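*Asks:* Protein sequence lines correspond, in order, to chains A and B.
Residue numbers are given in numbering that gives the first Met the number 0: position 265 of the first sequence equals residue 264, and the series is strictly consecutive.
Residue numbers are given in numbering that gives the first Met the number 0: position 124 of the second sequence equals residue 123, and the series is strictly consecutive.
I should point out that these hints are in silico values taken from the structure, not numbers from a laboratory.
All the given hints hold, so there is nothing to weed out.
No copy is singled out in the list; a pair is fine if it fits within one copy or between any two copies.
Each computed SDA-like pair below joins lysine to any residue, with the alpha-carbon atoms no more than 25 Å apart:
{"#": "1", "residue 1": "Lys183", "residue 2": "Ser215"}
{"#": "2", "residue 1": "Lys137", "residue 2": "Glu284"}
{"#": "3", "residue 1": "Lys183", "residue 2": "Gln162"}
{"#": "4", "residue 1": "Lys259", "residue 2": "Thr237"}
If you're wondering where the values come from, they're calculated on a predicted model, not measured in any experiment.
2 protein chains.
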Amino acid sequence: MDQRDKRSHDMAKLPIGIFDSGIGGLTVLKTLYNAFPAESFIYVGDLGRSPYGSKAADTVQRYALQITDFLLHQGVKMIVIACNTASAVAGNAVRHRAHPIPVIEVVGCGAKMALEMLPEELSEDARIGILGTDTTVKSEVYVKRINELALKTGLKLPDIQQQACPLFVPLVEEGWWQGELSDKIAERYLHSMKSFEPHVVILGCTHFPLLSGPISRALPEGTVLTDCAPAVVREVRTILDDRGWHAAERTDVAESNRGKTVFYCSDTGDTFRRQAERFLDMTIEFVHHVDLEMYEDGEGLECFPQPI
Amino acid sequence: MDQRDKRSHDMAKLPIGIFDSGIGGLTVLKTLYNAFPAESFIYVGDLGRSPYGSKAADTVQRYALQITDFLLHQGVKMIVIACNTASAVAGNAVRHRAHPIPVIEVVGCGAKMALEMLPEELSEDARIGILGTDTTVKSEVYVKRINELALKTGLKLPDIQQQACPLFVPLVEEGWWQGELSDKIAERYLHSMKSFEPHVVILGCTHFPLLSGPISRALPEGTVLTDCAPAVVREVRTILDDRGWHAAERTDVAESNRGKTVFYCSDTGDTFRRQAERFLDMTIEFVHHVDLEMYEDGEGLECFPQPI
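Okay, chain A solo, but in the shape it has when bound (with noise of 0.2 Å):
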C-alpha cells in the first residue's frame, strides 16, 4: 500500500459527520443513512440553542463554528451542513475552518437541485419559489445561489420568489403534520406564493419536508417541490467516490455491515432522543450530551488527521 492509499484507507475508516441547530436534519441523516449503509455517522443536534432560524447572522456563525471544532476534534471525513440557515449564513466560515475536510452545505445542493428540476421545455420565463425560516430568507442564500449557478450554465436568471414561514418548524416539532390547522397555515403563509405560480418550490429548511402535503396543497397543482435531501446524497457520493472514501472499501469491513450513528446533542434530557426516534422512525439507544461552548476559537483542530 502506498502513502496515498494508506491515506485514504485511514480516512475511509472515519465517520462522517452532521449537524444541524436541533432536529429538522435527520430527515438528511435518514436519506444519507439508507443511501449509505455502511458509512458511520456522527450527528449534532443544537437543540440546547434550537432553533437558528430567529437568530441574527454572527450569532448562527459562532455557534456552527464551535460545532464544526466539536467535529473535527471527534475526527470525520467530511462535514454536512443539515440547517438551511446554518449553510445561508455560516457555509464559508465552516468551510474554511474545516478545509482540507469537504464540507458540504444542503443550500448549495437545494439550489442546484432546484435549477435541475425546471421543465426542460422552458426556455425562459421560469419561476422558483423558496420557502424557508426567517434568518435564511434575509440572507437571500437560495437567490444568490440560484442565480449564481443559472449564470454559469448559461440559463437566463429566473424569476425568484421568496417566503419566510418560521411557524412550520414548531408545527413539525408538534407532530401536527397533517390535518386542517397545518393546511390553515400553509394556506396563510403561501397566498402569495400561489398567485406567483413558481415551477418548482424549495423546501429550504430541513423541518418542510414533512409538511409537503399542507405545502402542496396550499400550491398550484403541478408545482414541484425539491427537498435538498436527495442533492446531499449525490454530493456525498461524489466525494466518496473521487477520493475512495467509501467505508465499505475498509478491508476490516465487510460490505453488509451497518455503519455506527452516534448522536449528540446540546440540550439535556430526553427530547432530542423521543424527537429522533419519531424523524427517523428507529430506536436511539443513547444521545450523548455535549457542551458546545467548550470549542470555542478553534480548540481542538490539531488532533483531526489530515486527508490526501
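Got chain A sorted already, so can you dock chain B onto it with the hints?
*Replies:* Okay, now just chain B, sitting in the frame of chain A:
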C-alpha cells in the same frame, strides 16, 4: 444618616434586574415600568438560546444561573425571573445564588393570584387550569405551588388540569395575536380544558397574555384568566416598601423623573429591538449584546453591593 439608612440609600439607587428567555418577559417589564416610573431596570433577553420551554430542566437552570451572575455583576437590588420555564426549573437555584438579593419569580406570583381569583362563594370543588410550555407543564411547578399555598391557607386542594401549548409562543412572536388561525390553534389545545370547566386559568407563560382573546373564546364563558404580571408588581412593591428601596427615595432624583431601562440580549442583530418595540409600544434606542456564556460558575459574584 446612620449605617442602615446609608445602605438602604445605596440599594435604592440600583436598578431592578429582570430576565426572560427572550421577549415574553417584556410583558412583565411593561407592567413594572408603568407601576414604578422612577425605578431603573436592566432587562436581559436570552434570545440567542431561546426558547427555554422545550429545553431540558438542567440546561435552562444553567442558562438562568449565567444570567443571574451577569445581573449580580451589573449590580441590581432585586431579580425578577419573568420567564415561567426558568421560574419552574431554576427558581430555587437562582434564589440560592443571588442571596441575599431578593428574587421574585412569576410562578409563585401566578399561583398565589389564581387562588385569590377563585369565586368567593366557592367553598370547595374549585377547578384551576394551567397553560404553559412543555417544560413548565412537565415540571408540575404550578400544581405543587398551588397545593402548598392552599394547604398553608387551609383551603381544600383544588382540582387542577394542565395543558402544554407550545405553539402559542411562535404564534405570538409571528404577531398573529388575533384571527381565525390563533382561534383554531387555541381550540385545538383547549378542547379538553373546556370540558374541565375551570373557574380560573393561569396563563403560565409570559407570551400567553397576548393571546387572551383566542384563549378566552376557546374556554367556557366566564372563565377568569390570570396573568402573573399584576402579582409581580405587588411583590416588588412589598419589597421596596419593607426595605425602603424605592428609587424615588434617592435624594438626587425628583419623583417625576423616569428611571432608565437598559436592554441586554444574547443574540445580536435587530430582532430583539424590533420585537421589543412592538411588545412595549415604545422606541428602543439601543440593545447591548451580552455573551452570557462568560458568566459560568459564579464569576463576578464579589462585586455586587451587600444589602442590609
